[in-house]
Structures are given as C-alpha cells and as structure tokens.
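The lines below spell out each chain.
2 protein chains.
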Amino acid sequence: MNKFFNDPNNFVPEMCEGLVMANPDTLSYVPEFNMVYRKDMPSDDKVSIIQGSGSGHEPAHVMAVGRGMLDAACPGNVFAAPPVDFCYECIKRTNGPKGVLFIVNNYQGDRMAWEMAEEMALAEGINVKGIMVDDDVSVKDSTHTIGRRGVAGNFFVIKALGAASENGADLDALVTLGKKVNDNVRSMGVALTSCTPPAKGSPIFDISDGEMEMGVGIHGEPGRRRDTLKSADDIVTELFTNVADDLPFQKGDRVALMINGLGGTPISELYILYRKAAQLAEERGLVVVRNYVNEYCTSLEMAGASLTLLKLDEEIEALLDAPAEVPIRVF
Amino acid sequence: MNKFFNDPNNFVPEMCEGLVMANPDTLSYVPEFNMVYRKDMPSDDKVSIIQGSGSGHEPAHVMAVGRGMLDAACPGNVFAAPPVDFCYECIKRTNGPKGVLFIVNNYQGDRMAWEMAEEMALAEGINVKGIMVDDDVSVKDSTHTIGRRGVAGNFFVIKALGAASENGADLDALVTLGKKVNDNVRSMGVALTSCTPPAKGSPIFDISDGEMEMGVGIHGEPGRRRDTLKSADDIVTELFTNVADDLPFQKGDRVALMINGLGGTPISELYILYRKAAQLAEERGLVVVRNYVNEYCTSLEMAGASLTLLKLDEEIEALLDAPAEVPIRVF
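Protein chains in written order, with this note's numbering: chain A, 1 to 331; chain B, 1 to 331.
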C-alpha cells in the first residue's frame with residue numbers, strides 16, 4: 001500500500017484538518033463530527049445545503065464546501081457512511097431561519113443515517129428536508145444500494161442547489177430543483193484498477209492488467225461485466241451510449257458533459273476520453289454547452305473514469321454559470 | 001498497462017485535440033506541431049509567453065494555456081522534448097510587436113531544442129528570449145540534466161510571467177522577473193510508485209510495495225535514495241526541510257506553499273501532506289500567504305508528491321493574485 005498517511009484511523013480527520021488549514025479564512029472544522037463548514041454559516045438569507053457521505057471520493061464532498069456550493073460536509077470514514085450523530089449535528093449547526101437541505105447519494109448506509117438524523121431534527125422543530133441522487137445507469141441494485149447508485153452526477157446537484165440557495169430560493173423550491181437536476185442527470189463509470197482504503201490495507205477487488213470493470217461503482221461495486229480492456233474510443237462509446245440512451249437524451253438537447261477521473265487516471269487520458277465523447281454528442285445532435293474534464297467524484301487512487309450527461313434547461317444552465325468558490329486552486 | 005488510449009502514437013495529439021474541443025471559444029490547435037494556443041494571440045499589447053516540454057506532466061504545460069498564463073504550448077511526446085521545429089514554429093506563430101518569451105525547464109533535450117529554435121528565430125529578426133527553470137533541490141545533475149532539474153516551481157514562473165505580460169511588461173523586464181521567480185522557488189518530490197508511458201508499455205522504473213524514491217525526478221529519474229516508505233509526516237518533514245534549508249527560507253518570509261500530486265495520488269492524501277507542511281512552515285516562522293494543493297506538474301499516473309516553496313515579495317505576490325484562466329474547471 002504505497003500511500004501517504006500516518007495512522008490509518010486518522011486519515012479522514014487529518015485530511016479535513018489539512019483542508020481547513022489551507023483555507024483558514026473561509027472554512028472551519030468540528031473534529032468530533034468531521035464537520036467542515038463555511039465560516040459564514042448559517043446565514044439568515046439562505047437555506048443551508050449540506051452533505052455527508054463516505055470519504056475516499058474527494059473532491060466530493062468535503063472539498064465542495066464553499067460559497068455557491070455546499071455550506072457544510074460531514075464525511076464518514078473511507079467508503080463508510082457518516083454516523084447518525086455526524087448528520088444530526090451537521091443539520092443542527094447549519095440550521096438558520098430558512099432551514100436545511102441535505103443531499104444524499106443512494107446508498108443504504110447513507111440514507112439510513114440521514115433519515116434518522118432528519119427525524120431527530122424534525123422532532124426538535126428544525127425545518128429540514130433531503131433529496132436523493134441516483135444517477136448511475138449501470139446497474140439497478142448493487143452491493144450497498146437498492147435502486148440506482150449516486151455517483152458523479154451529484155456534483156451538478158450540489159452546484160445547482162448551491163447557486164439557487166445563494167439566490168434566496170426557499171426549502172421547497174430547492175427540493176423541487178434538486179429532484180429536477182437528479183431526474184435529468186445520468187452517469188456510468190469504468191474501472192481499470194482497484195484501490196486500497198488505508199484502514200483495510202488491501203485492494204477492494206482484484207483486477208488484472210488488461211482488464212476493465214465496465215459499470216463499476218465508486219466503492220468498487222461490480223458493474224455490468226468484467227471484460228478485456230478496450231480502446232479509449234470503444235470504452236467511451238459504450239459509456240456514452242448507455243448514458244445517452246437512458247434518459248433518453250435527444251437531438252437538440254442542450255447538455256453538460258462531464259468526464260470524471262476516478263483518482264488514479266491522469267488528466268491527459270481524461271481529455272482523450274472527452275475527445276470521443278464530444279464527437280458522439282455531436283453525432284447525436286446534442287449541444288454541449290458546458291464541459292467538465294477533471295476529478296469530481298473519485299474512488300481513492302482507482303484508475304478509471306465516468307461519463308455524465310446533464311440535460312439543461314434555462315434555469316439549470318443559469319445556475320451552472322453562477323459564481324462559486326471551492327477550496328481547490330487551479331492557478 | 002491499464003490506461004485509456006487508442007494508438008499510443010496518438011496519445012499526445014488526441015489529448016491536445018480533446019483539450020481544444022473542450023475549449024472551443026478560447027483555444028486553437030496546430031496539429032503538425034502539437035501547438036495549442038490562445039485564439040486571441042499574438043496580441044499587439046503583450047509579450048507572448050510560451051512553453052514546450054515533454055508531455056505526461058499535465059496539467060503542465062499544455063493545460064496552462066489561457067489568459068494570464070501561457071499564450072501557447074507545443075508539447076513533445078510523453079517524456080520527450082519537443083522537436084526543434086515545434087519550438088521554432090511556436091515562437092514564429094506567437095510573435096507580435098512585443099516579442100516572445102519561452103520558458104524552458106532544465107533538461108538537456110528541452111534546452112537544446114529551444115536554443116536552436118531561438119537562434120533560428122533571432123536570425124529572422126524575431127525578438128525572442130528564454131528563461132530557464134531549475135527548482136529541484138534534490139540532486140545536482142541527473143539522467144537528463146546538467147545542474148538542477150526544473151519541476152513544479154515552473155507553475156509559479158508561468159503564473160508570474162503570464163500576469164506581468166498581461167500588464168504590459170516588456171521582454172527584458174519579463175526576463176528579469178522570470179529569473180527572480182526561479183531564484184526564489186525550490187521544490188523536492190518523492191515517488192511511491194512508478195508510471196508507464198503509453199508508447200513504452202512498461203514502468204519506467206521498478207519500485208516495490210512499501211518503498212519510496214526520495215527526491216525523484218518528474219520522469220522517474222533517481223532521487224537521493226530508495227528507502228522504506230515512511231509516515232506522511234516524516235516524508236513531508238524531509239521534503240520541507242530540504243526545500244526550506246536550500247534558499248534558505250527565513251523567519252518572517254512570506255511564502256507560497258505548494259503540495260503537488262504526481263498524478264496517481266488522491267487529493268485526500270495531498271491535504272494530509274499539506275497539514276504537516278503548514279505546521280512546519282509555522283514552526284519556522286514562515287508566513288504562508290497562498291497555498292496550492294492539487295496537481296500542477298505530474299508524471300503520468302505516478303503515486304507521489306512534491307513540495308514547493310516560493311519566497312514572495314510585493315511584486316510576485318500581486319502577480320499570483322492577478323486573474324487568470326485555465327482550461328480546467330473545478331466547478
């Protein structure tokens with residue numbers, strides 16, 4: 001296991017600590033709940049948007065805390081749902097006059113934690129609601145999921161809700177918006193290698209040189225099949241076709257197109273994937289209004305990628321264009 | 001070799017093509033010379049800032065083309081210097097009334113190509129000069145280098161020169177500035193795994209589980225020693241101490257601190273490294289004014305990281321703060 005860490009049990013807390021130390025003017029941290037939050041939260045003027053999920057998917061979700069994105073995140077351990085008290089405390093501490101909206105990706109552990117926390121908060125009179133993300137078209141039901149898994153499409157839900165909440169939208173409007181974004185986003189991924197959670201110390205699944213797991217989940221859950229590694233263009237074609245056929249996306253649709261790296265794939269390869277994906281979009285008559293080629297939702301150091309399409313309307317497009325701030329600096 | 005590619009010989013051209021397809025409003029491409037350039041170049045109002053180096057270090061340098069950064073890049077193949085004609089054409093095509101400045105990292109192949117291209121351009125009356133980056137403190141002389149290697153510190157040279165050229169600085173002033181930034185920046189890296197260039201098909205060096213190459217170069221050149229893998233804190237302490245002692249950085253210095261991922265290391269681990277690095281900076285009395293925790297100069301999918309310190313003065317600090325645009329989107 002060739003990784004940078006100290007005590008594997010402190011992997012997530014030390015990551016959060018580093019993140020907050022790197023952003024001392026904007027972020028704060030409650031170590032007991034792995035809670036990273038915007039210093040200026042809760043605000044009287046906006047619904048707080050929060051998320052807590054397993055770690056190991058960075059920059060999702062803890063590195064999406066910032067103006068116009070999440071107001072707080074309370075990640076669990078690597079690939080483990082946050083405990084109920086993390087969720088409950090995160091709701092409570094971000095609650096303001098306009099209430100709290102949590103985003104939960106569709107995994108049983110995450111849902112259970114957030115639903116229990118929601119009940120506890122509601123019992124105290126807190127105005128809290130949640131929305132669920134389940135954008136992965138690859139399989140229905142999986143190791144940790146009933147229904148579809150929530151993967152990189154979550155990024156667009158955060159971006160839209162973060163922007164709309166900054167604009168003053170109320171809780172019910174945000175729930176409607178979050179559902180609309182989720183209804184219009186589809187993803188599928190492929191793994192070329194496995195990955196090793198620090199506390200486990202061994203790969204979460206075995207895969208040989210020259211193989212790929214088509215439709216993999218972001219915790220290494222099985223996809224549709226194990227296959228021999230194909231060319232980049234063939235792989236993208238399979239991902240694109242499955243994603244685009246699912247909604248389905250149709251000629252003339254304005255879309256956002258994301259090629260998301262799973263952690264161990266260099267950005268050079270992601271642009272090779274984007275090249276073919278953009279050609280396929282054009283052939284299908286989709287208008288790619290915005291594109292995203294980077295890491296947004298990873299699986300530690302897994303080599304692999306996912307493709308996401310989001311169907312835009314005027315409202316969503318404006319929200320994607322809205323200003324935002326994240327802790328990660330590109331220049 | 002579990003990578004996304006089609007024909008290994010088209011790896012770099014397809015990456016460039018994807019990059020330009022993802023940025024159709026701002027970037028253009030001359031396939032014969034792998035030349036990616038700002039559509040609005042050359043400008044009458046600024047010196048053009050260009051770079052061409054081996055590929056495989058993305059986002060360096062081809063993904064640093066944008067307003068306030070590079071005006072053009074002409075990358076060679078993976079880990080191979082660009083041919084002379086790439087450099088010559090890149091100079092010629094970006095030349096405007098204020099001339100051209102190229103940035104070259106200190107590798108023999110890169111220097112030879114750029115120096116020959118410079119001579120050819122000068123003979124045609126083009127006003128061109130170059131500056132060299134050699135920030136790696138780990139070894140003097142290396143596989144491809146006489147003197148110190150140029151590594152992630154190059155990012156700061158690009159950022160400062162890009163901003164100053166936007167402000168209208170002339171060629172001589174930019175040469176002086178580029179030398180100043182290079183004189184004040186120091187880096188050192190460590191590899192936890194090797195990496196595989198697509199055309200080679202096998203790792204560039206062997207390293208076992210539980211080992212690290214302390215002081216590695218960005219093409220896998222040997223560092224100071226092979227050692228057993230240490231804790232994240234111990235590794236950062238060694239990197240930081242070597243970097244900070246070299247200038248040396250002194251109590252009260254205002255600095256930029258970068259933790260750069262080498263490609264295969266998740267950003268979670270980079271923040272664990274940053275945590276300790278920031279503590280060490282504070283202990284030494286350095287004032288970390290800006291920090292950079294992300295991938296800036298990679299070695300394909302190598303797991304590893306480098307640490308860079310840049311000593312700031314008022315001029316450099318303002319240039320780092322200046323607006324810029326790069327093709328990579330974080331939100």
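Don't read these hints as lab results, they were simulated from the structure. Where a beta carbon is used, it is the ideal one built from N, C-alpha and C, also for glycine. Mixed in with the good hints, there may be bad ones.
The calculated lysine-lysine pairs, modelled on BS3-like cross-linking and capped at a C-alpha distance of 25 Å, are [said to hold, decoys possible]:
id: 1; chain 1: A; residue 1: LYS179; chain 2: A; residue 2: LYS98
id: 2; chain 1: B; residue 1: LYS92; chain 2: B; residue 2: LYS39
id: 3; chain 1: B; residue 1: LYS92; chain 2: B; residue 2: LYS140
id: 4; chain 1: B; residue 1: LYS140; chain 2: A; residue 2: LYS230
id: 5; chain 1: A; residue 1: LYS200; chain 2: A; residue 2: LYS251
id: 6; chain 1: B; residue 1: LYS230; chain 2: A; residue 2: LYS200
Chain A side only, calculated, beta carbon under 8 Å to chain B, not exhaustive [unchecked claim]:
id: 7; residue: VAL30
id: 8; residue: SER55
id: 9; residue: ALA324
According to the in silico footprint, chain A covers these stretches of chain B (three or more CB under 8 Å from chain A) [to be verified]:
id: 10; stretch: 27 to 39
id: 11; stretch: 59 to 72
id: 12; stretch: 165 to 171
id: 13; stretch: 206 to 215
id: 14; stretch: 241 to 248
id: 15; stretch: 294 to 306
- Looking back at the hints listed earlier, which ones does the structure fail to meet? Numbers 3, 4, 5, 7, 10, 12 and 14 - these are the hints that the structure violates, sorted from lowest upward.
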